[in-house]
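Oh and the sequence shown: position 34 is 34 in this note's numbering, straight run, nothing missing.
Hints may be right or wrong, so weigh each one.
[As the list claims (entries may be wrong)] Heads up, simulated DSSO-like pairs for lysine-lysine below, C-alpha to C-alpha not over 27 Å straight-line:
| hint | residue 1 | residue 2 |
| --- | --- | --- |
| 1 | Lys-14 | Lys-113 |
| 2 | Lys-14 | Lys-40 |
| 3 | Lys-14 | Lys-95 |
| 4 | Lys-113 | Lys-40 |
| 5 | Lys-100 | Lys-113 |
| 6 | Lys-113 | Lys-95 |
Just so you know, the hints here were simulated from the structure itself, not pulled from any lab data.
All values reported here derive from a predicted model rather than from experimental measurement.
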Amino acid sequence: MGESELLPYLHAGKIIEQYLGVYYHEDFRCLRYVSFGMNKTGYYGLLFELFDDSGEGLESIYDYSSVEPDNLSGIEFGPFESFMNVLDAIRDVVKLDSNKYLISGQLDEEIIKTN
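Build the full structure now, drawing on both the sequences and the hints.
Dropping the structure here:
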């Protein structure tokens, strides 16, 4: 799904996610993804950096352990008054693909397709 399609989903209370790929932290394979949402205070984003715990028997990225214990719920960006502002803030840290957004819960399938 592309960026131009996201606002109706966010306004309906849906969480939008994007898989950002693999990186290595001290020789450990890690995965990164971002999620976006909207609440009473505005638009927000969360950046998740997780150990690839698939070798430990965990099958879902949503069950993997955080690289940083202080960021178990992700690194928060926002709240912002506009969705473009939260996108810009996250783009300062990671590269986003404007056409690869997913409804929350679909990351496991995306990881299988890209790996």
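Now for the hints, and whether the structure bears them out:
Between the alpha carbons of Lys-14 and Lys-113 the distance comes to roughly 23 Å, so the proposed pair stays at or under 27 Å and holds. A threshold of 27 Å between alpha carbons decides the hint, and for Lys-14 with Lys-40 the separation of about 14 Å falls inside it, so the pair holds. Proximity of Lys-14 to Lys-95 is assessed by CA-CA distance (about 22 Å); at most 27 Å being required, the pair is judged to hold. Between Lys-113 and Lys-40 the alpha-carbon distance is near 35 Å, which puts this suggested pair outside the 27 Å criterion.
A distance of roughly 12 Å separates the Cα atoms of Lys-100 and Lys-113; the hinted pair therefore holds under the 27 Å criterion. Taken as a hint, the Lys-113 and Lys-95 pair is honoured in the structure, with Cα atoms around 19 Å apart against an allowance of 27 Å.
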